[in-house]
Amino acid sequence: MDKINKLSFEEALKGLENTSEALKSEDLTLEDALLNFEKGMKYYERCKEILDEAKQKILVYDRSKGELQDFSS
Amino acid sequence: MAIKPISVAQLNSYIKRVLQTDPLLGNVSVIGEVSNLKFHGLGHIFFTLKDQNSRVSCYISPDDYNNLRYELTEGMEITVSGYVHVYDRGGSYSLNVRDISVEGVGNLTLAYEKLKAKLEMEGLFDFKYKKSIPKFPKQIVIISSDTGAAVRDIIKIIKARNDIINIIVYPCLVQGEDAAADISQGITEVNELFPETDLIILGRGGGSIEDLWAFNEEIVARSIFLSDIPIISAVGHETDFTISDLVADKRAATPSEAAQIAVPEVSLLKETIEDKSTELFQRIKQIVQYNNLLVDRHNIDALKSKISDKIKMTEMYVSNLGRQNIYSMETILFNCSMRLEELKSRLDSLNPYAILDKGYALISNENGELAMGVGAFKPGDFLTVIFKDGKIRCSVNKVIRGK
Numbered sequence: 001m002d003k004i005n006k007l008s009f010e011e012a013l014k015g016l017e018n019t020s021e022a023l024k025s026e027d028l029t030l031e032d033a034l035l036n037f038e039k040g041m042k043y044y045e046r047c048k049e050i051l052d053e054a055k056q057k058i059l060v061y062d063r064s065k066g067e068l069q070d071f072s073s
Numbered sequence: 001m002a003i004k005p006i007s008v009a010q011l012n013s014y015i016k017r018v019l020q021t022d023p024l025l026g027n028v029s030v031i032g033e034v035s036n037l038k039f040h041g042l043g044h045i046f047f048t049l050k051d052q053n054s055r056v057s058c059y060i061s062p063d064d065y066n067n068l069r070y071e072l073t074e075g076m077e078i079t080v081s082g083y084v085h086v087y088d089r090g091g092s093y094s095l096n097v098r099d100i101s102v103e104g105v106g107n108l109t110l111a112y113e114k115l116k117a118k119l120e121m122e123g124l125f126d127f128k129y130k131k132s133i134p135k136f137p138k139q140i141v142i143i144s145s146d147t148g149a150a151v152r153d154i155i156k157i158i159k160a161r162n163d164i165i166n167i168i169v170y171p172c173l174v175q176g177e178d179a180a181a182d183i184s185q186g187i188t189e190v191n192e193l194f195p196e197t198d199l200i201i202l203g204r205g206g207g208s209i210e211d212l213w214a215f216n217e218e219i220v221a222r223s224i225f226l227s228d229i230p231i232i233s234a235v236g237h238e239t240d241f242t243i244s245d246l247v248a249d250k251r252a253a254t255p256s257e258a259a260q261i262a263v264p265e266v267s268l269l270k271e272t273i274e275d276k277s278t279e280l281f282q283r284i285k286q287i288v289q290y291n292n293l294l295v296d297r298h299n300i301d302a303l304k305s306k307i308s309d310k311i312k313m314t315e316m317y318v319s320n321l322g323r324q325n326i327y328s329m330e331t332i333l334f335n336c337s338m339r340l341e342e343l344k345s346r347l348d349s350l351n352p353y354a355i356l357d358k359g360y361a362l363i364s365n366e367n368g369e370l371a372m373g374v375g376a377f378k379p380g381d382f383l384t385v386i387f388k389d390g391k392i393r394c395s396v397n398k399v400i401r402g403k
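Chains as they are written, first to last, in this note's numbering: chain A, 1 to 73; chain B, 1 to 403.
Careful: at least some of the hints might be erroneous.
Selected chain A positions facing chain B (in silico; Cβ < 7 Å) [stated by the list, open to error]:
{"id": "1", "residue": "Ile4"}
{"id": "2", "residue": "Phe9"}
{"id": "3", "residue": "Glu10"}
{"id": "4", "residue": "Leu23"}
{"id": "5", "residue": "Leu30"}
{"id": "6", "residue": "Phe37"}
{"id": "7", "residue": "Tyr44"}
{"id": "8", "residue": "Cys47"}
{"id": "9", "residue": "Leu51"}
{"id": "10", "residue": "Gln56"}
{"id": "11", "residue": "Lys57"}
{"id": "12", "residue": "Leu59"}
{"id": "13", "residue": "Tyr61"}
{"id": "14", "residue": "Phe71"}
Pair ranges (Cβ atoms, derived) [said to hold, decoys possible]:
{"id": "15", "chain 1": "A", "residue 1": "Lys65", "chain 2": "B", "residue 2": "Thr79", "range": "54 to 64 Å"}
{"id": "16", "chain 1": "B", "residue 1": "Asp63", "chain 2": "A", "residue 2": "Ser72", "range": "41 to 51 Å"}
{"id": "17", "chain 1": "B", "residue 1": "Asp275", "chain 2": "A", "residue 2": "Glu11", "range": "12 to 22 Å"}
{"id": "18", "chain 1": "B", "residue 1": "Lys128", "chain 2": "A", "residue 2": "Lys65", "range": "33 to 43 Å"}
{"id": "19", "chain 1": "A", "residue 1": "Lys3", "chain 2": "B", "residue 2": "Lys159", "range": "27 to 37 Å"}
{"id": "20", "chain 1": "A", "residue 1": "Ser72", "chain 2": "B", "residue 2": "Asp178", "range": "22 to 32 Å"}
{"id": "21", "chain 1": "A", "residue 1": "Glu45", "chain 2": "B", "residue 2": "Asn291", "range": "17 to 27 Å"}
{"id": "22", "chain 1": "A", "residue 1": "Lys65", "chain 2": "B", "residue 2": "Tyr59", "range": "41 to 51 Å"}
{"id": "23", "chain 1": "B", "residue 1": "Ser308", "chain 2": "A", "residue 2": "Glu11", "range": "48 to 58 Å"}
{"id": "24", "chain 1": "B", "residue 1": "Gln282", "chain 2": "A", "residue 2": "Glu11", "range": "42 to 52 Å"}
Hint data in this document are derived by calculation from the structure and do not stem from the laboratory. Cβ coordinates follow ideal geometry from the N, Cα and C atoms, glycine included.
With these hints in hand, go ahead and build the complete structure from the sequences.
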């Protein structure tokens, strides 16, 4: 379960969608349903974590110095 | 002063020296229309440059041809720059072209169409080579002029939509003779320096076809094709179509549109995951409710009374069965005793002792066996006479046979 914390947004969203889809199945035991739900919530938390990070960097590559610098437009 | 006759070779050699030492003819630009364009083996190119009144033969070496920014086409008007070269053996001269420039929409369109056809034939525009644009990029590189409006627009729109993605601006020339080589180098370098980049936006703002020409050059097309990182081409306005657009993995009509295509809106993503989590909650609630219902339907009390009903039924069945058994046993017993009585009376009628009641007696030998005649005895034997009321032991004196 702890590897969910390392998923990319794309993977976590896929996981969330898959568990949501799996929960729609009619022949699901209560146990499986609860497991799926728990997993789904973990995926959701991961997605949310990524979206809330908001540590955007805007840089410019200085070709003569060969280094990245803050970009001020 | 009269000149004494000279040889043909001497004449041509002299003309060659005069022409090829002339400073003007050593570096001359000439405007004309391309005709008789011929590509020879080994990459030599010959054509005739003409105007309404005159024509001149032209030659381009393979190296110079590869560095041209335009595809040559019959009928296009070009400006060639080069020098006059004399073939002294043939007594002819030609213009050896170092570079050409093309102006005007009509002429540039001819060059554009020529390159497009060539690259299309090679498969550079094939859909099978197009890389998919990642849905959730983490890092994006903008290859453009760092002072241009295009970069500002792109960054502004990305920031408004998405406050997570990292943006790197890779500055390069987007206009003029050296632009194509610079862009091409940029694409290659970004692939090497920032391989973790998810997407490149390559572009510039609007301008004339001449302004945008770098994006119609072969060297740029080939670099785009070779890029491992997916590229969105965003050159000029909606109506501008460039070779870059065709080779790139995706065309955006404008730099602004490129920014919209490139990054998802974080607010929408947040909505999506909230929806999904609500869906999860609702669904699990449904499932739990459904299971509660199932438990209710099969609750223990109901089960108990069901079981005790079952037990009662079984008991009744068993006791019924018992009663039936007893009845059958009685019948059998009754039948048996009847049969016994009958057998007894039949036995009675056969009892040999019954005859004694009538005054007869029985005679048995020493072993107690009934004697059926005199043959069973000889003189001296003992016999027993059995009466109704007792026995007499006798001994035999004489045996008389016959009546």
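Verification of the supplied hints:
no.	hint	in the structure
1	Ile4	violated, 14 Å
2	Phe9	holds, 5 Å
3	Glu10	holds, 5 Å
4	Leu23	holds, 4 Å
5	Leu30	holds, 5 Å
6	Phe37	holds, 4 Å
7	Tyr44	holds, 4 Å
8	Cys47	holds, 4 Å
9	Leu51	holds, 5 Å
10	Gln56	holds, 5 Å
11	Lys57	holds, 5 Å
12	Leu59	holds, 5 Å
13	Tyr61	holds, 5 Å
14	Phe71	holds, 5 Å
15	A:Lys65 - B:Thr79: 54 to 64 Å	violated, 38 Å
16	B:Asp63 - A:Ser72: 41 to 51 Å	holds, 43 Å
17	B:Asp275 - A:Glu11: 12 to 22 Å	holds, 19 Å
18	B:Lys128 - A:Lys65: 33 to 43 Å	holds, 40 Å
19	A:Lys3 - B:Lys159: 27 to 37 Å	holds, 32 Å
20	A:Ser72 - B:Asp178: 22 to 32 Å	holds, 26 Å
21	A:Glu45 - B:Asn291: 17 to 27 Å	holds, 25 Å
22	A:Lys65 - B:Tyr59: 41 to 51 Å	holds, 44 Å
23	B:Ser308 - A:Glu11: 48 to 58 Å	holds, 56 Å
24	B:Gln282 - A:Glu11: 42 to 52 Å	violated, 24 Å
This entry does not satisfy hints 1, 15 and 24, going by the numbered hints stated previously.
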